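Visitor: Sequence:
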Amino acid sequence: MRHSNLDRELSLMLLMTENRDYTVQQMCERLGISRRTLYYYIDFFRDSGFTVEKRGTCYSLDKNSQFFTRLFKKVHFTEDEAITMRRLLDRASDNSLHVQHLKNKLTRLYDLDILENVTLREQDADNVSTLYDAIKMKKTVILRNYSSPHSNTTANRVVEPFMFMDNNNEIRCYEIASGQNKTFKISRIESVMILADDQIHEARHKKVFTDIFMFSGEKRLPVTLRLGRLARNIMLEEYPQSAAFITPDDASHWIVSLDVCSYLGISRFVLGLFESVEILGSEEFREYIRMKIDNMKVDG
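Convert by adding 415 to the 1-based position in the sequence shown; the result is the number in my numbering.
No lab work stands behind these hints, which were simulated from the structure alone. Everything numeric in this text was worked out from a predicted model, so none of it was measured. Some clues are possibly wrong.
[Said to hold, decoys possible] Cut-off 30 Å, straight-line C-alpha distance, at most; resulting in silico cross-link-like pairs (DSS-like, lysine-lysine):
| no. | residue 1 | residue 2 |
| --- | --- | --- |
| 1 | K553 | K469 |
| 2 | K634 | K621 |
| 3 | K478 | K634 |
| 4 | K597 | K553 |
| 5 | K478 | K518 |
| 6 | K553 | K622 |
| 7 | K621 | K597 |
| 8 | K478 | K551 |
| 9 | K600 | K622 |
| 10 | K520 | K553 |
[Stated by the list, open to error] If you anchor each label on the Cβ, the simulated ranges turn out as follows:
| no. | residue 1 | residue 2 | range |
| --- | --- | --- | --- |
| 11 | M552 | F459 | 42 to 48 Å |
| 12 | T625 | R701 | 23 to 29 Å |
| 13 | T432 | T625 | 20 to 26 Å |
| 14 | E433 | T639 | 32 to 38 Å |
Yeah, the Cβ is synthetic: ideal placement off N, Cα and C, and Gly gets one too.
Could you build all of it, start to finish, from the sequences and the hints given here?
Guide: Structure (structure tokens):
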């Protein structure tokens, strides 16, 4: 009996790690199990340290979960290696079944959205590879003919790249001319040229941080909440990455302590579930919530 359950758990794990979304109903039908059993398995994955992501009625396992990270380091390619493999396969014959099989396998296992467009595929992959080398060698580069929608200009940017973001779709850099840290989209770069100049502004490099509410910025704002069961469950459902920051307080309460980039996202959560949330810190966040409540208008 346990062997049968283990087989289903492993099969479910495979379904939830593919690069596609399966609904609850689809997973139940594929595995021949009830919704109750499926939710039991999903809770088991959470309790075992996996990060469960939910989008609508679709569930998946985050490949950055600790177990997968340890496993991937032993048997998987890095993202840069996967991109290189895809580039080599694109140059091979499309008539080969083996080539097509390998392409499909890479697509299932890796997020290669950067390679969607055939025309842009080589350009973007070359830019990623060159930027990767520049980061490793700590060299300054020129982003040739970078197209900026904000200034509506196309110009060369001399920058010190130091961090890939959004699955290699963006690069975080220190721009020499402005003296600011900026995020550039790979797709808007015509080409990248590595200069002989070493990076000399490393002390000014500031990595951008994205919180669980998908707000990004350089500044981190600490917040600590005490959650009731309802608030805890909804936080895990809506923001699966929060699992790493939640610890039990007693049988029916949990403490979540995390950094955010903006109070906007977390304040919406707190105000929407105020009966199940207690603010423990910070004082700045308490004051922010007080101001929000004071500004509310109640008709009547």
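Visitor: Does each hint fit the structure? Answer for all of them.
Guide: Here is what the structure says about each hint:
no.	hint	result
1	K553 to K469	violated, 38 Å
2	K634 to K621	holds, 9 Å
3	K478 to K634	holds, 27 Å
4	K597 to K553	holds, 17 Å
5	K478 to K518	holds, 19 Å
6	K553 to K622	holds, 15 Å
7	K621 to K597	holds, 9 Å
8	K478 to K551	holds, 25 Å
9	K600 to K622	holds, 15 Å
10	K520 to K553	violated, 33 Å
11	M552 to F459: 42 to 48 Å	holds, 45 Å
12	T625 to R701: 23 to 29 Å	holds, 24 Å
13	T432 to T625: 20 to 26 Å	holds, 22 Å
14	E433 to T639: 32 to 38 Å	holds, 36 Å
In this structure, the earlier hints numbered 1 and 10 are contradicted, and the remaining ones agree with it.
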